[in-house]
Amino acid sequence: MSVMMSEQTSLEVAGKRVAVMGLGRSGLAAVRLLRRLGAHVTVADQKPSSELATALNGLSAGMVEIHGAGNYEPALHGAEVVVVSPGVPLTLEPIRRARASGARIIGELELASRHLTGRVLAVTGTNGKSTTVTWIGEFLRGAGYDPFVGGNLGTPLAEAALASLDGKVWDLVVAEVSSFQLETIETFRPWVGAILNVTPDHLDRYPSMDAYAAAKLRLFENQDDADYAVLNADDPRLARLSVRSRGARIEFSRTRPVERGVCLDGDVIVSNLYGRRDEVCRVGALQVRGAHNIENAMAAIAVAALAGCPMEAIDRGLRAFRGLEHVMEVVRVLRGVAYIDDSKGTNVDATIKALESVPAPVILIAGGREKGGEYPGLAEAVRRKAKRVVLLGEARARLREVLAGTCPLTEAATLADAVRDAASTAVAGDTVLLSPACASFDMFTDYKDRGRRFKEYVHELG
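When we follow this note's numbering, the leftmost residue of the sequence shown carries the number 1, and every step to the right adds one.
Take these hints with a grain of salt, some might be off.
No more than 25 Å apart at the CA atoms, straight line, and that leaves these computed lysine-lysine pairs for PhoX-like [stated by the list, open to error]:
hint	residue 1	residue 2
1	K47	K371
2	K448	K47
3	K455	K387
4	K448	K371
For the record, the hints were derived by calculation from the structure and aren't laboratory data.
Generate the whole structure from the sequences, applying the supplied hints.
Given below as structure tokens:
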């Protein structure tokens, strides 16, 4: 395959003091990349220093200065560059002071993008990012490309940059990008960028939906006329926003024809990306269900096709894809009851789409840590599809208020109790659906941990 080099300019950090705030997956990858680039690295995190040292045990002693227990100030002191992990808000006072002192504030996405081989295909949106990025990767591999697939999904982009520095040449870099990551970009420029949707989420971090949407739209701000901006023409908030990109505008739609892009003609997904009508795949051939997955498929088609992937490979990938773990994953069918793990449904829109994707009657398991904001449309969807809701986690009381009068509501102290409670009243033809509409951090490490536990408890049912 022919290779396009990233057009990002490298960031000179050799010999400089660089602070990394937050030592999750992306923070650890940023530390490794910075050390490879010759930076003097300090790290700070809420975790105890002993845990941070264990996480960094692949680096030689003394290579990284560690500050645990939220002791940010000494890590930031004298730093010329600060790499902020996505989960660390830029409003933290120590970060504000570092910026006021002249420190350059970036994120792992920006850092990594300066050191990549391979043009970047980037996907953001409130829901569907991981599915779409994974699908694009499958299309490209099926066509013989050697892409990197990761970012906010799984493997951090800094790992791709490290491989590039060691001589690895990626044909393409397919990256899931979050609004948190986009807050700290400077030059990040995807050759093809796609925004799937913008619905209420993370309002515990953003002051308004407009601020959240503005972060998403930064995906396009550095594009030029050689690039592509892919947008969901059916998303009402995107339709209202002024989307500024010098890249060619490409749209996808389930409801109407588009001037250039991907749309539905009856039950056939069609493309007119290149001035001709290409029938790509029938909706009925997809193994994943729901209107949202038709949108994800159309976005993935547009991005992959613009990157040069043949339609034959895209068609094969569409038919073969069975979905992601913890995304509408059928765990088992027991005595005629389907148990579905949608633990990745961490916001209201995702849970509504999950409810719409399965036949009634549904016993919904919901709750966790709230992300701020309201629950628009959830009560109506529950009233229409659910026979009962089992509530758990910190959001139980709030969800009881929101869902009052929709159907019988019960509460469970643990997820294991919630599964047993749901199973006790489920009959053949019912669906027990874990789709929490909330974050997992009140009771679990992350949504994957929550999903794995759910599957364990389901398999324990007699």
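Verification of the supplied hints:
| no. | hint | result |
| --- | --- | --- |
| 1 | K47 / K371 | holds, 22 Å |
| 2 | K448 / K47 | holds, 20 Å |
| 3 | K455 / K387 | holds, 22 Å |
| 4 | K448 / K371 | holds, 18 Å |
In this structure, every one of the numbered hints holds.
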